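Using the hints, position chain U against chain H.
Residue numbers (my numbering), protein chains in the order written: chain H, 244 to 494; chain U, 95 to 404.
Quick caveat, the hints were computed from the structure, so don't treat them as lab data.
Be aware that one or more of the hints could be misleading.
Unchecked claim - Sample of chain U residues facing chain H (criterion: CB under 8 Å; computed from the structure):
#, residue
1, ASN191
2, GLY224
3, ALA254
4, ALA264
5, ASP333
6, ALA402
To be verified - Computed list of chain U residues with no C-beta within reach of chain H, every gap over 12 Å:
#, residue
7, ARG144
8, ALA146
9, GLY147
10, SER179
11, ALA197
12, GLU247
13, GLU251
14, ILE257
15, GLU258
16, GLY273
17, SER279
18, ASN300
19, GLU301
Please read these numbers as outputs of a predicted model, since none were measured by experiment.
Built from N, CA and C at the ideal position, the CB exists for glycine as well.
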Amino acid sequence: MKILVPVKRVVDYNVKVRVKSDGSGIDLANVKMSMNPFDEVAIEEAVRLKEAGIATEVVAVSAGLANSQETLRTALALGADRAILIETDVELQPLAVAKLLKAVCEKESPQLVIPGKQAIDDDSNQTGQMLAALLGWPQATFASKLVVNADKTAAAVTREIDGGLETIEIALPAVMTTDLRLNEPRYATLPNIMKAKKKPLETTTPAALGVDVAPRLKTLKVAEPARRSGGVKVADVAELVEKLKNEAKVI
Amino acid sequence: MTILVIAEHDNAVLKPATRNAIAAAARIGGDIDVLVAGAACAAVAEAAARIAGVTRVRLADAAQYADHGAENLAALVVANAAAYSHILAPATAAGKNFLPRVAALLDVAQISDIVEVVSPDTFVRPIYAGNALATVQSADAVKVITVRGTAFEPAGEGAAAPIEALAGAADAGISRLVGRELTVSARPELTAARVIVSGGRALGSNENFHAVLEPLADKLGAAVGASRAAVDAGYAPNDYQVGQTGKIVAPELYIAVGISGAIQHLAGMKESKVIVAINKDPEAPIFQVADYGLVADLFDAVPALLAAID
Chain H
244 MKILVPVKRV VDYNVKVRVK SDGSGIDLAN VKMSMNPFDE VAIEEAVRLK
294 EAGIATEVVA VSAGLANSQE TLRTALALGA DRAILIETDV ELQPLAVAKL
344 LKAVCEKESP QLVIPGKQAI DDDSNQTGQM LAALLGWPQA TFASKLVVNA
394 DKTAAAVTRE IDGGLETIEI ALPAVMTTDL RLNEPRYATL PNIMKAKKKP
444 LETTTPAALG VDVAPRLKTL KVAEPARRSG GVKVADVAEL VEKLKNEAKV
494 I
Chain U
95 MTILVIAEHD NAVLKPATRN AIAAAARIGG DIDVLVAGAA CAAVAEAAAR
145 IAGVTRVRLA DAAQYADHGA ENLAALVVAN AAAYSHILAP ATAAGKNFLP
195 RVAALLDVAQ ISDIVEVVSP DTFVRPIYAG NALATVQSAD AVKVITVRGT
245 AFEPAGEGAA APIEALAGAA DAGISRLVGR ELTVSARPEL TAARVIVSGG
295 RALGSNENFH AVLEPLADKL GAAVGASRAA VDAGYAPNDY QVGQTGKIVA
345 PELYIAVGIS GAIQHLAGMK ESKVIVAINK DPEAPIFQVA DYGLVADLFD
395 AVPALLAAID
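Chain H extracted, bound-state conformation:
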């Protein structure tokens, strides 16, 4: 079976982001960018399914600026077979990405699409669910374990829910979004990074896919959250208890 893995280029998770002084957004100039961590987990899962002989091909896809190519090359270095870049300089919101991915799915006919559960920049947690809806496919979100059945017509997915775990069985084709505990992603080795440069990377556009990607939500302002007022360090446990009782009055 074929697996499609959408990946997103985002600000590296270690970067402490700064809000632009005019409130128009986040300052992304000269900031380190990386693959969204949940998408690394998704690529890893797809590559493991290939190594286990369950998947035959892993296709990575990304939508956005031309430099999203770097993210796709990373995916290829991690084991994806080929990549598709949907190039646009329009700000893409989850519904637009879901529509682009639907168009790609109609061309590629994957049996399983594995997006990350959320991107660490917009924190939306929507795209996978929206894609499943548009395709009319079942969804398994926040997955921490995947078992594909022998004839590849269904899969059992363990999901992280509030209060514990649940296992659902979904018919394939389906969309499964990854939680962090699904696996431990591997690192790209230097030889694999070199080989990735030779793997096919096809470029297309939203117009070629017939998708309107105009943003639906308008960002009026981006602001820094209120800072917590500086706290104090206490000398010992007795002082801590005294402060909690008499100053903060919380115990």
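Frame of chain H, contents of chain U only:
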């Protein structure tokens, strides 16, 4: 303008996050309908009907809603969406799961995890792990929104609203629940607790995590939380995790024990009223957000704290 709030429940008990979502709906203004979809869940509908501000409860009681699968629930909401200007759900694992499916089927954007209602079409939501707040305006005909519970005071009790039965949609039959493994705990639920005692990697082992934190939690009537590092190391179950990728909490008192304070953890707890940090590293980032910081070895400090609280 009528708002639909989708209740979260386990067919027996209404989840408290529903009350916060109803409070957010009240801030938008207009009549508030609550949809209770499940199986044998009449008691939940009755509880929802008694929440202040609720105009009407719509009860879809059918076998295909027993497990709250996203496919069936989304289809039901979409079939009844025409009457509503806003559709809200709590930003819990369940709300995050089905609501984007509703939005896509209605061909509208979803506004995730709102923390403030500016006007009926403008909302504030955190981005970049809570390091920025975006004010966004929606031009869509229907606003589909998940609500961060800790940002809205839960709605209280009021006069009983009428309950109307709602016909279910056909079972999609493409997904089924195999089983659930819930963490058994006698302590309060993490997202609703007044006090949280949370532990990090410095606890060193599963045994220490429970032996050190639980007596303190029990004494304070607190829920126990964990950092991602502690969860990944296997010291605590996944659903204890507080942070961007776990639960967002805002208790009155949050005691962070042996937690360094990575951005992703802070995103989940920095709205707490009072934060206490116990850490032996005086440079740990957690001290920058803590109201009271104690630089000490947690294995000495926590038992001493337990003894000092009477």
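Each hint, compared with the structure:
About 5 Å separates the beta-carbon of U/ASN191 from the nearest beta-carbon of chain H, less than 8 Å, and the hint is met. Proximity of U/GLY224 to chain H holds as hinted, the smallest CB-CB distance being about 6 Å (cut-off 8 Å). For U/ALA254, the suggested interface contact is broken, since its CB lies about 28 Å from the closest CB of chain H, more than 8 Å. The beta carbon of U/ALA264 is not positioned within 8 Å of any beta carbon in chain H (closest approach about 13 Å), and the interface hint is therefore violated.
For the restraint placing U/ASP333 at the interface with chain H, the shortest Cβ-Cβ distance is roughly 6 Å, inside the 8 Å limit, so the hint holds. Given hint, U/ALA402 at the interface with chain H, holds; its Cβ is 4 Å from that chain's nearest Cβ, closer than 8 Å. The non-interface label for U/ARG144 is consistent with chain H: the shortest C-beta to C-beta separation is roughly 23 Å, beyond 12 Å. No Cβ of chain H comes within 12 Å of the Cβ of U/ALA146; the nearest lies about 24 Å off, and the non-interface call holds.
With a minimum CB-CB distance of about 24 Å to chain H, U/GLY147 clears the 12 Å threshold, and the non-interface call stands. With a closest Cβ-Cβ approach of about 16 Å to chain H, U/SER179 is found to remain outside the 12 Å limit, as its non-interface label requires. In this structure U/ALA197 is not separated from chain H by more than 12 Å, as the shortest Cβ-Cβ distance comes to only about 7 Å. The beta carbon of U/GLU247 is kept farther than 12 Å from every beta carbon of chain H, the shortest such distance being approximately 18 Å.
Separation of U/GLU251 from chain H is adequate, the least Cβ-Cβ distance of about 24 Å exceeding the 12 Å criterion. Taking the minimum C-beta to C-beta distance to chain H, about 26 Å, the non-interface status of U/ILE257 holds against the 12 Å cut. At roughly 27 Å, the least C-beta separation between U/GLU258 and chain H is larger than 12 Å, which holds for a residue marked as non-interface. The claim that U/GLY273 is not at the interface with chain H is violated, since a C-beta of that chain comes within 12 Å of its own (minimum 5 Å).
Listed as outside the interface, U/SER279 is inconsistent with that label: its C-beta sits roughly 9 Å from the nearest C-beta of chain H, within the 12 Å cut-off. The claim that U/ASN300 lies off the interface holds: its Cβ sits roughly 16 Å from the closest Cβ of chain H, which is beyond the 12 Å cut-off. With a least beta-carbon separation of about 21 Å from chain H, U/GLU301 lies farther than 12 Å from that chain, consistent with its non-interface assignment.
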